[in-house]
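> If you're matching them up, the sequences are chains A and B in order. The opening residue of the first sequence carries number 1 in our numbering; numbering runs sequentially from there. The opening residue of the second sequence carries number 1001 in our numbering; numbering runs sequentially from there.
Hints are computed from structural coordinates only; laboratory data are not their basis. Be aware that a few hints might be false.
Quick list of in silico lysine to any residue cross-link-like pairs, SDA-like style, CA-CA up to 25 Å [said to hold, decoys possible]:
| # | chain 1 | residue 1 | chain 2 | residue 2 |
| --- | --- | --- | --- | --- |
| 1 | B | K1015 | A | E59 |
| 2 | B | K1015 | B | G1222 |
| 3 | B | K1015 | B | R1029 |
| 4 | A | K15 | A | Q51 |
| 5 | B | K1015 | A | A212 |
| 6 | A | K15 | A | A50 |
| 7 | A | K15 | A | R256 |
| 8 | A | K15 | B | P1209 |
| 9 | A | K15 | A | G30 |
| 10 | A | K15 | B | G1222 |
| 11 | A | K15 | A | G258 |
| 12 | A | K15 | A | E59 |
| 13 | A | K15 | B | A1212 |
| 14 | A | K15 | A | H272 |
Spelled out, the chains give:
Number of protein chains: 2
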Amino acid sequence: MSDLSRFSFNSETAKHWPLPDLIATAARRGLGGVGLWREPVQEAGVDRVAQQVRDAGLEVTSLCRGGFFPAADAATRRQRIEDNRRALDEAARLGAQTLCLVCGGLPPGSRDLPGARQMVADAIAELAPLAGELGVVLAIEPMHPMYCSDRSVISSLRQARLLAERFPAEQVGVLVDAYHVWWDPDLYDELALLGERIAGFQVCDWTVPLPAGVLTGRGMTGDGCIDLRGLSRAVEDSGYRGLTEVEIFSSDLWQRPGAEVFDLACERYLAHVA
Amino acid sequence: MSDLSRFSFNSETAKHWPLPDLIATAARRGLGGVGLWREPVQEAGVDRVAQQVRDAGLEVTSLCRGGFFPAADAATRRQRIEDNRRALDEAARLGAQTLCLVCGGLPPGSRDLPGARQMVADAIAELAPLAGELGVVLAIEPMHPMYCSDRSVISSLRQARLLAERFPAEQVGVLVDAYHVWWDPDLYDELALLGERIAGFQVCDWTVPLPAGVLTGRGMTGDGCIDLRGLSRAVEDSGYRGLTEVEIFSSDLWQRPGAEVFDLACERYLAHVA
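All chains should be built: construct the whole structure from the sequences, respecting the hints.
Have a look at this one:
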């Protein structure tokens, strides 16, 4: 198999596969890195996982996830910001390049979308200096508009870029996830404008019909309709030199052995992205 | 109950309710119009329905739907355009102000989104003169990006506006459906830019979780998180003087008697939109 040194595997793609297996396999197969999630890392122990990835010579391309900033009351918003400070600390200890921000949806019962967006901006403004000190980029992930009410009021690359540009690039960037942005009529223009703001690049594929709840129906790379090679080229043309991370939430894939999903994802990366 | 003269009820909201019942009830309750769909109108007879709505003194705010332009081969694209010519003819006979365009998704197996968008533009260019002759506006409906692969490669108001602006406003406009555009960070800017291009305004509400297939989970006006009053005001401020049409695809509502759904929609229009 060809070069996987610019490929990274997000642990959630094989969510039931133990982290030590993932890390060992990724290292053996010559991947450049892994993407990690807070909960399994916390269970295994942050410093222990940090040691494992360092020993394996892997990068941590992202820690998922911070965010979920909007809330109806100030006390809850404060708690969320404190939790994001802890997430930044964990990211720094792991040596993660970015903390992925799923910015959060509308507070329950709210119809005030501009207000929720302002809460996101305010929270990022508060966290950005700490991110800079710790050497971790807050990576705003514009999410597919179908998640606007309950997961992220940041819905387009342009919106994420304009927000990120209020801060130094070493503090705040944008995470480009093919699943969330492939439909955007301004996709290629925005990628060119993003340039050094691209803090991470994730791939999977868009397949229909979507399942109920629309959370776990992502397609394996190459199984859907996204022009991943064109997108990957545009990300690279914009100046991004980081790894390409595969991140797939799929109830189908989660039924299969982790090693099998890993192999398939590597194969598909080489066939459809690299 | 207060003034319903600027309200229109789309027949699909109570899809099992016979058209004569809808038309009679709408007229008795003082609605300004109804929105109709091709298939039930064809079954009942286009000219017969046209006579019924004329006799009832109702406007036909939209005929749904034309579109579905992209296809893998030229012969199929030609068939689609011919079908849209027939749809325009039906719209004209009904006295409908607009033919709603669900522009179509990617051809099966295709990853060429720019190509599909070009097919949409080419088809509209071919149909626009006929629309002008018949006095029916082709109303491009930007659809929620979750339908990009299979229903409409036109996903944002800006994209729809830029396409519509290539043609005279009496030939091509934009249909603003709250469900499809509420998330858009550029929503209010785009509504202001649209001005006379707004060819129709539809409401319903956004509720989660979305059902499998994401087609029949629209919320009754007022049950979700869309700021419908703010949106309605912005549409009016842009210069739109047409009716507000309720259009809800909901497997829940379709289980209920049409007259009951109609009453609820009127009540909610007055409470949340008017």
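> Against each hint, give a clear statement of whether it holds in the structure.
These are the hints, each one checked on the structure:
1. B/K1015 with A/E59: It is violated: about 55 Å lies between the C-alpha atoms, which goes past 25 Å.
2. B/K1015 with B/G1222: Cα-Cα ~20 Å, so holds.
3. B/K1015 with B/R1029: Holds - the C-alpha atoms of B/R1029 and B/K1015 are around 19 Å apart, at most 25 Å.
4. A/K15 with A/Q51: Satisfied, since the Cα-Cα distance of roughly 21 Å is no more than 25 Å.
5. B/K1015 with A/A212: holds (23 Å)
6. A/K15 with A/A50: The hint holds at about 18 Å.
7. A/K15 with A/R256: holds (10 Å)
8. A/K15 with B/P1209: Holds. A/K15 to B/P1209 sits at ~23 Å (cutoff 25 Å).
9. A/K15 with A/G30: Distance ~21 Å between A/K15 and A/G30 Cα, so the pair holds.
10. A/K15 with B/G1222: violated (38 Å)
11. A/K15 with A/G258: Since the Cα atoms of A/K15 and A/G258 sit roughly 8 Å apart, the hinted pair holds (cutoff 25 Å).
12. A/K15 with A/E59: holds (19 Å)
13. A/K15 with B/A1212: This hinted pair holds, its Cα atoms lying about 23 Å apart.
14. A/K15 with A/H272: holds (23 Å)
Going down the numbered hints, you'll see the structure goes against 1, 10, while the others check out.
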